[in-house]
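Peer 1: With chain D fixed as given, assemble chains H and A onto it according to the hints.
Chains as they are written, first to last, in the working numbering: chain D, 20 to 520; chain H, 17 to 394; chain A, 4 to 425.
No lab work stands behind these hints, which were simulated from the structure alone.
One thing to keep in mind: the hints can contain errors.
What the hints assert, rightly or not - Each computed DMTMM-like pair below joins lysine to aspartate or glutamate, with the alpha-carbon atoms no more than 20 Å apart:
hint	chain 1	residue 1	chain 2	residue 2
1	D	Lys509	D	Glu196
2	H	Lys203	A	Glu391
3	D	Lys91	A	Glu299
Unchecked claim - Selected chain D positions facing chain A (in silico; Cβ < 7 Å):
hint	residue
4	Val34
5	Lys91
6	Val108
7	Leu119
8	Gly120
9	Thr124
10	Ala133
11	Asp451
12	Ile455
13	Val508
14	Asp510
The beta carbon of each residue, even a glycine, is placed where N, CA and C say it ideally should be.
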Amino acid sequence: MEIELRGITKRFGAVTANSDVNLTIRPGEILGLLGENGAGKSTLMNVLSGLYRPDAGEILIDGKPVNFRDAKDAIHAGIGMVHQHFMLVPVFTVAENVVLGVEPTGRFDHLDLAAARRQVSDISGQHGLSVDPNAIIEEMPVGLQQRVEIIKVLFRSAEVIIFDEPTAVLTPQEVTEFFVIIRSLRDAGKALVFITHKLGEVLEVADRISVLRGGKVVGEGDPKTATDADLAEMMVGRSVRFAVNKRAVNTGAALLEVRDMKVLNERDEITVDGVSFEVRAGEVVGIAGVQGNGQTELVEAITGLRPALTGAVSFLGHDVTGASSRTRHRLGMAHVPEDRQKSGMVTDFTVAENAVLDSYYEKRFSSGVTMRWPAVNAEAAKIVDDFDVRTASIFSLGDHLSGGNQQKLVVGRELSRDIKLMVASQPTRGVDVGSIEYIHDRLIAARDSGVGVLIVSTELDEIMSLADRILVMFRGRIVASFTSETANVKDIGLAMAGVAA
Amino acid sequence: MSFNEEGPPTTSEMLQRVVVARGQVEDVVIVPVLAVALALVLGGITMLLTGVDVPRIGAAFSALFSGSFGSISALSETLTAATPVTLTALGIALGFRAGLFNIGAEGQMMLGGMAAVAVGFSFPGLPIFIHLPLALLVGALVGAAWAAIAGWLKAATGAHEVITTIMLNLIATQLTGYLLRNPPIQKPGRHDPISQSVLDSAMLPKLLTWLDPNLRLNAGYIIVLLMVALVYWLLFRTTLGFEFRASGLNPFAARYAGMRSGLIIVVVMAISGALAGLAGGVQVLGVLGRASPGFTGGGGFNGIAVALLGRSHPVGVLLAGILFGALEAGGRQMQVSAGVRIDLIAIIQSLIIAFVAAPLLMRAAFPWAFQKKAAVTR
Amino acid sequence: MTMTATAPDRSASLDTIKRRSTLINGWVLIGLAVFVAAVLGLGSVGDATFRLALPGDVIALPNLVVPAAPYIYIVAALLAFFGGRQFVRGAARRSSLFLGLGLFLAVTTFLVWATAGKDFSLTGMLEATVVRAVPIALGGLVGVLSERVAVVNIGIEGMLLSGAFTGAIVGSLLGGWIGLVAAVAVGGIMGFILGALVITYRVDQIIAGVAINLFALGLTSYVTSQVLTVHHEFNEAPIFDGIDIPLLSSIPIVGRVFFQQNIFVYGAAIIIAIGTYYLFHTRWGLRARAVGEHPEAADTLGLNVYRIRYINVTIGGMVAGFAGAWFTLGSVGRFDINMTNGRGFIGLAAMIFGRWHPVGALMAALVFGFADALQQKLAILQTPIPSEFLAMAPYIATLVLVAGLIGRARAPAADGKPYVKD
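Chain D on its own, in the form it takes in the complex:
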C-alpha cells in the first residue's frame, strides 16, 4: 500500500505548521523524517493519521484520494501511529490496551480477555515483540510500553506504521532492540515512517530520508551516500548572523558553580547525568541542544523549581542546592522560565501585578500587610517604558499582550531588579522578530554591566549570536564546549545530534 501526501498545508491560527508538503511512503521501506522540534513533522503525521484535517492538499492511497474524517477512518485504512507520548491507559493491562475499541466478545457482550491475551501473544510472537499480556502498563518500563503501542497498531492490521520520536524515551539497549523490531516489520512488507531529530539513528535504519524545516521539505537524502554534516546543516541551517555587537569578554569571578548535578524527571529517570560547569560575571554561557536532552530539568534544578538527586549548586559562594527559589531570588538570581504562561506570569493578572509577581514581598512593594500599589504601579510603568512592552495600560490583563510583549515584560521584570545572574530559558520562543532583537540587546547589556547570563535555547542562531561560551547538552550530559572563536554551525549541530565531533 503506497501513500502519497500531496501539497499538505496545515495552519493553527497564525502559525503555519505544514506548508505544501509532498511525501511518498512505500511498503517494505523505512522512511526517515528528519527535523528539529517545531519543524512540522508531528503535525504532518497527525494529518495522515486522521487526527487533524489539512487546510489544503490531499492524501492518496495507491493513487486514489481519501478523506479521513477522524482517527477511525485512518485506522480502517490501515494507518497506525505510535505516538511520542504514549496513548496507553496506565491502569489497564497490555491486553486491555491493545484491544480497546476492537475488543473480541463472546455471548452477552462478554469481553473475551482470554481471546485478547491469545491474540496479543500471537502478534508478539510473530514480530518478536515479547511482552506479558497481563502486565499492567504503569508497572512496565518505557521500552516495553512502546512494544505495546506497536502491537496495538499491528492488531488493527496496520500496513503503514508511523513512529513519532520512538527513541526519545529509550535506553541505548532498548534502542538497539527497537531497530531489530522496525527492520523486521519492514521485511514483513509494512511501510514505515520514522520521525526523529537524531541523525545517527536515521542514518542507521532508514532507507530514505526527508528533511523538514519550518513546515517545508527542504531536502532528501540517501542514507548510503549522505553525510551527517549534510543532514545537520539541512536540519538546522539558517544563515547565522553575528548581528549583535558585543564588546570583548571581560569576565570576573565565578557566580554560579554547578558540580556533578544529576536530576530525575517525573518518571524517575535520570535526565541530567552528571553536569558540571560555571558561569562568571560578565559572560554569557549558552547551553545548546535539542529539546528533551535535560536542559529543562537542569535549569529547574539551578533555579530551585526541582530538587537535584545528587550534585551541588553554589551561587555567589553560597550552597543553594536545597534552597527555595525565593532564597535564590533574594541572593540575586533571576530566571526567565521557558514556559512564561505556566510559570512566568499569571495571565489573568494585570501587567502591574505581573511586574511584581516574584518581588511583591520586598519592602518597597509591601509593608508586610498591605501592598504599596503606587510603588508597584510606578515600577510597572517604568518596566513597560524601559523594555518597550506594548500595552494600552499597566492595568491591562497579561492575557491581552502578545507573546513577544509578555516575554519582554517577564525579561524586563527580571532585569530591572538588582541581580547578579540571569538564567534565561528559551528567552525568545514564540516572540516576534522585533522583540527578539530587543531582548537580545538587553541581555548583552546586562552582561556588559557585569551580570552573568546563562542562556538555554534550542535555537542555535540565538546561542551563537549571544554566547561567549557554548556548551552542548545531549542525553543529559555536556558533550561539547566551544568558545566564540571555535563555534561553527556544523560542529555544534553534530554535537547536538549526538554525533561526536
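Peer 2: Coordinates of chains H and A only, in the frame set by chain D:
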C-alpha cells in the same frame, strides 16, 4: 493598543489608563442578568404547570416585587434576608479567588451559629458592647476552625476540599442536632430541639425601630458592609490577598514565585469559615434569638449562588446578596398574597446557579446579546 | 504535571506509605484494645441476649447468650495481639485485613456491651441493615458509573429525591409498576441534564451537581407544598410488598435477612451485579473506564468520548431514579419534603470507600446501613451514647479514608476534568 502620534505612552500616562474590554463586561454583567431573567421566566412556567392560573402568576410576580422593594418594610426584609447569605458568599468568593471550593459553608454557619447562641445565652450581666462582639467573635472562630480542618487535610494530604467539606457538613448537622437535644444548649423544659434564648445583651440591635417598631433590619447588615469592605481590602490591597489571587489563578507560577501554597490553603479556608460562622452568629443574634434545626435556612448553599452571581468580587457579592434577599423577602410576600409556595424561590435560585455557571449555555440560548467570543473561563 | 517537593523515587515512596499505614493500623488496634477493655469491659454487667429468631420463622433458633464481660476482655486481647502484629516485620501484607477484622470485632463488643443485661433482636437488625443499605448502595453505584467516566456527580441526592417524588406521584395515579418506570425515566433525564451541563456546556462539575440538588429539592418541595397538600390523592402511592423466595427464605437468619425482602432489595442486588458485569466484563465497560482514565488515548483509538460520558451518566441517573423510588414505593408510600435527607451523600462516601467499585460500594453501604440501623436500635436500648454520634460515624470514616490515613483511594485519573478536543 493604539498610540498617539508622539510615540508610546509615557510612564505617567501609563499610570492613568484603565481599559475595560467588552469581553469582560459580557461575562461579568450580561451573563448574570440573562441568567436571572431566564430563571424568573422558568419560574413563571413552573407556576403555570402546577395549576396556577395566569392572573395569579401576575399577582405572584407583583408580590415578589412589592415584597422586596415596594416599601420600607419590604426593603428592611430584603436586607435582613440578604445579611447571612452575603456573609457566607463573601467567604465562598474568597475561596474561589484562591482556587478553593468551600461547599462547607453550611456546616460552618451551623456550628458558628451554635457557638454564638451558646455565648449569647450565657454570661448574664455583661454589657452589650462586650457580650455581643464576644458572641459574634466566638461564632466566627468556630466557623474558622471547622473550615480549617478541611484546609489542613487538603494542605497536608491533598484530600479534595469538596468531599471533606461535604462530610464536615453532614457531621455538623448531626452535632447540631445532638446539641439542641441536650443540656446545656437545649432550653430547659422543652422536649423539642430548641436552644435557650439569647439574652438581650447579646442581640444585634434593630436599626429602624424609630421608624416602625416592626422593622426587622438589624445591625447585622452593618457588619455585612464592614465585611464587604474588609474582604475587598484583603483581596486587593494586602500582600496576602495578592498571594491568594495568584494561587487561585495560576498555582504553579505562584509556587514558583515562592508563595507557600499549603499555608495559603489553610488560611483561606479559615477566613472563609470565619465569615460563614459569622453569618450563623448574625442570623441567631440578629433575627432568631435562638437556634433550632434548619436555622441556617440554606444560607451556606445559597452563598454559592450569590458568590457565583457576584463573580467572586466583594461588590458583586454585595449586589447579588441583595438580589437573593429580595427573592426571599418577595417570596414570603408571594406566599402570603398570591398563595404560591415559597419553595418556588428555591427553584429560581438553583436555576440562577446553573445558568450563571454556564456562560456557554447563555451564549447558545441568547446569541443576539453577545458580540465577543467567550473570554477565558475562570 | 505537578511538581512534588521531594525527589520522587516512586518505589521507595510506595513502601514508605505502606509502612506508615501499617504502623498507624497498629496503633489504632492497640488503642481500640485499650478502649474496649477499659471502657466497655469494665462497664459490662451480665449477659447479652441476642434473639436470633423472629415470629414466623420456620426453624426457630435459640437465643444467643453471650456473657458480656468475658467476651469483651477476650476480644480486647485479640485486638492487642492484632495491633502488636503490625509492628512485626512483614506485617504490611495483611495489614488492612487485620484492621478490618479488628474493627469488626470491636463493633461486636460494642453491641455486646450495649445489650448487656437486656435482649436485642439481632436478626431484626440485620434485616433492617439490608433494607437501609439499598439506597446507599445504589447511590454509590450511580457515583461509580459517573466517576468511572470522569464525571464527578455531586447531584446524586437530587436525583434520588426526583425518583422518590416521581415514584410517589405517578404511583398514586397509575399504580406502583408504572410509578417505578416513571421514576427511572425521570432519574435518567436528570442524569442527562447533568451530562449536558458538564459535557457540552462545560459547567464546573461540582457546581452542576449542587445546582441539580437545589433544583430537585426546590421543585419537589414546591409541588408538594403547593399541590400535594391540597390534592392528597396524588401522594398516596402503593408500597411494594415483600416477596418470599421459596425454600431459601426458610433458612434461619440468612433467609429472613436476604430472601424475604421486597423487589427493591432484589432489584438492587441484580442491578449491582449487572453493573459490575458491565464495567469489568463487557467491552462497553472497558471503553467507559478508558474514557475515565485516559480520554485522549480513547480518542486516538476512535472512541467517542463525549457520547460514552453521556451514556454512562444517563444510565447512572436511571439507577438513581430506581433508588429514589425505594423511598416512596418501597418504604412509606408518600413523599415528604427532603425525605432523602443526605442519603445521596452517604452514597458518595460509599463509592469512595468501595474504591470506585460497585461491589465495594455495596460492602460499604452494608456497613453504613448497619450503623444506621444500629443508631435506631440503640435509642430503644437506651444506651448512653447519643445516636447522633453513631450517625456521624460513616462521615468521619470517609474523611479518614479520603485523607489517605488508612490506605489510599484513587479515583479515575481524569476525574473532574472536562475533555476538550483540540
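Peer 1: Hints first: check each against the structure and report whether it holds.
Peer 2: Hints, one by one, checked against the model:
For the suggested pair Lys509 of chain D and Glu196 of chain D, the alpha carbons sit about 30 Å apart, so the restraint of at most 20 Å is broken. Between Lys203 of chain H and Glu391 of chain A the CA atoms are separated by roughly 19 Å; this keeps the pair inside 20 Å, and the hint holds. A C-alpha spacing of about 14 Å is found between Lys91 of chain D and Glu299 of chain A, which places the hinted pair at or below 20 Å, so the restraint holds. The interface hint given for Val34 of chain D is violated, since its Cβ lies 14 Å from the closest Cβ of chain A, which is over the 7 Å cut-off.
Checking Lys91 of chain D against chain A: minimum C-beta separation of about 3 Å stays under 7 Å; hint holds. Hint on Val108 of chain D holds. Least Cβ distance to chain A is approximately 5 Å, under the 7 Å limit. The interface hint given for Leu119 of chain D holds, since its Cβ lies 5 Å from the closest Cβ of chain A, which is under the 7 Å cut-off. Look at Gly120 of chain D: its Cβ gets to within about 4 Å of chain A, closer than 7 Å, so that hint holds up.
The restraint placing Thr124 of chain D at the interface with chain A holds, with a minimum CB-CB distance near 6 Å, inside the 7 Å limit. With its C-beta approaching chain A no nearer than about 12 Å, Ala133 of chain D sits outside the 7 Å limit, and its interface hint is violated. With its C-beta approaching chain A no nearer than about 24 Å, Asp451 of chain D sits outside the 7 Å limit, and its interface hint is violated. Interface hint status for Ile455 of chain D: violated, as the beta-carbon distance to the closest one in chain A is roughly 28 Å, over 7 Å.
Interface restraint check: Val508 of chain D against chain A, minimum CB-CB distance 34 Å, threshold 7 Å, status violated. Annotation: Asp510 of chain D was flagged as interfacial toward chain A, and the flag is violated, the nearest CB pair being 35 Å apart, outside 7 Å.
Of the hints listed earlier, those the structure fails to meet are numbers 1, 4, 10, 11, 12, 13 and 14, in rising order.
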